[in-house]
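Trainee: Order-wise, the sequence lines are chains A and B. Under this note's numbering, read the first sequence as residues 7 to 355, first letter to last. Under this note's numbering, read the second sequence as residues 7 to 355, first letter to last.
Hints are all accurate, no fakes.
Remember, identical chains collapse to one label, so a pair may be satisfied in a single copy or spanning two.
Below, in silico cross-link-like pairs of lysine-lysine (BS3-like), each with a Cα-Cα straight-line distance of 27 Å or less:
hint: 1; residue 1: Lys245; residue 2: Lys309
hint: 2; residue 1: Lys250; residue 2: Lys293
hint: 3; residue 1: Lys250; residue 2: Lys16
hint: 4; residue 1: Lys127; residue 2: Lys293
hint: 5; residue 1: Lys43; residue 2: Lys18
hint: 6; residue 1: Lys127; residue 2: Lys43
hint: 7; residue 1: Lys309; residue 2: Lys18
hint: 8; residue 1: Lys325; residue 2: Lys279
hint: 9; residue 1: Lys245; residue 2: Lys16
hint: 10; residue 1: Lys309; residue 2: Lys250
hint: 11; residue 1: Lys282; residue 2: Lys325
In case anyone wonders, no lab produced these hints; they're calculated from the structure.
Protein chains: 2
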Amino acid sequence: MSQTVETAFKGKTALITGGMGFIGSNLAIRLANLGAKVTVLDSMIPDYGGNEFNLASVKDRVRINYCDIRDESAIDYLVRGQDFVFHLAGQVCHVMSLSNPFPDIDMNITGTAILMEALRKHNPNAIVVYTGTRGQYGASVSLPVNEEAPTNPKGIYEISNLTAEKIIKVYNDVHGIRSVLLRLSNIYGPRSQMQHSRFGVCNWFVRLAMDDDTIQVYGDGSILRDFCYVDDCVEAIVKSAITKAAYGEVFNVGSDIPVSFLELVKTIVTVAKQGKWEYAEFSAERKAQEPGDFYSDINKIRKTVGWQPTTSLEEGLAKTIEFYGKNRDFYWSKPATKKGSKEIVAAKS
Amino acid sequence: MSQTVETAFKGKTALITGGMGFIGSNLAIRLANLGAKVTVLDSMIPDYGGNEFNLASVKDRVRINYCDIRDESAIDYLVRGQDFVFHLAGQVCHVMSLSNPFPDIDMNITGTAILMEALRKHNPNAIVVYTGTRGQYGASVSLPVNEEAPTNPKGIYEISNLTAEKIIKVYNDVHGIRSVLLRLSNIYGPRSQMQHSRFGVCNWFVRLAMDDDTIQVYGDGSILRDFCYVDDCVEAIVKSAITKAAYGEVFNVGSDIPVSFLELVKTIVTVAKQGKWEYAEFSAERKAQEPGDFYSDINKIRKTVGWQPTTSLEEGLAKTIEFYGKNRDFYWSKPATKKGSKEIVAAKS
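Pulled out of the complex, with its shape left as it was, chain A reads as follows (with noise of 0.2 Å):
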């Protein structure tokens, strides 16, 4: 890394997609505040995790333009001059592309080439850093996995993000966009969607403990995984994206410290003061699709990028209940556009 994110990114342009969500948002004020010039762009599809409270914090200094990645024309346009593009926006949900295979080929991949298509075009000297899922990898052959381990997806879901980092390794390899693929893991933090239990597992138990109800713990609860604090996975990507030696490479994001399910459940309980929980038998549908015990290996980002996440599991936790505790409205009931614009300055932290 020749340079340090503090300095490396104060008058830039970056264009985040997706960047009403969950990560994208925390992306978005961690570059605002290094003093980037920062364009969001989402297209807020229901229970997609897009909500405008996220950036109520850097509204004044953040352009925010509503469109979808398969906007071709607008796309097009949005990409010039941005010397950053992160590419985080998709569908995310495992359990619907399992019944319907098209918005995620749709958005992840179409979307994606029609980002790179338009890059190609108008920007090719542009840094691209995306952000896919650990489940590429699908079961794990050994463990820690690491990024030479095969790639057995086993949902659509998770197809369509080997597929969009695949395409973004031609365009670098061919075309030279440079750009890095991050292959994250589990991500927990202040500003996902606490809506629906439907991506996200732990910011779902947190919100289980937080209502004092109860967490079920699938079979033994030894099931082991990796969670990663989202203001670590920010960095991950903000460090990447000014390091040369990352560009053309695939890099895990994760923990290289295993928490089994039941481990994380218990902490959740203990940092929240609230909450149950109890065992639960694995129904066939969900043992068929869970791909058993993942952590990754972090080796290669941290000698080439020089990231290592510094937050425990006890201090994400405690920081994500803090936030969710004063935002409760913004992400418990409808998404902050239905609220009044005092409510969310009020709410700034």
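Assemble chain B onto chain A, guided by the hints.
Mentor: Chain B in isolation, oriented as in the chain A frame:
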């Protein structure tokens, strides 16, 4: 394999997508001769290889249905009652996919999802065979290349094939649609288009030799490939379709006898008794796209399906040259639809 190819298809229904093309038409002829009720589906996109003459010898015994793989309601209808679905339709040109990724995504990825959704809804008991490409591997990490090798495609076409394969695998695993996933190496032989050099390098060299033209051998001609005669490939397709142990599995279909480009070209010129060859420099672009030595490890299909190629390169080339010698008019010029039907009948072999 519990049944033999000779009896398994008698009276069975089979749908072949892309069935007017190179491999599809050879497969249609084989299945018709095995007593299957064959429906061929093709949209006859110009330059893609569909040629009415390809099925001239079985035209009274095969039902031809002109439609696109993306024609959702037609596909929904056509899959009903099919015992077997052989999915060969698609965009197959590497070079085209690099200047415009959308046809590949649309035909090869969305088209495959349309087919698999149609099967899930209307005929989940059908057996599917999908033909992908060895290009799904990209550059070889070690030789010969087996099915566990990393998949780092060098173009959008190859990515779209990998994605289609993974989509079908998910339908196999999650929805129980029995599917065989083949990765074809360089297939050559009768009924391939001979109008342009964009796909099928071996067939293109055959055309140049038969025109007494000069074949260019890039670099020192030492790059290795495996070439597989189309009848052998068709046998791999039909044999794997009736092998229970093959369902849900990926298999290479190629030859484990690697041949250098120089050796290939010399053999073609010798067998054709025509044509010349010369060394030529790689262009920078061609060099960047060249994945280097590749030849298939076919032990998995040999063990599981009991298939292996039986046609030597000399024999396959002799048959190919004989076929095109007899039927040159239907391949060198425009497709047979522009010819009178008398000529089509006359050329039956």
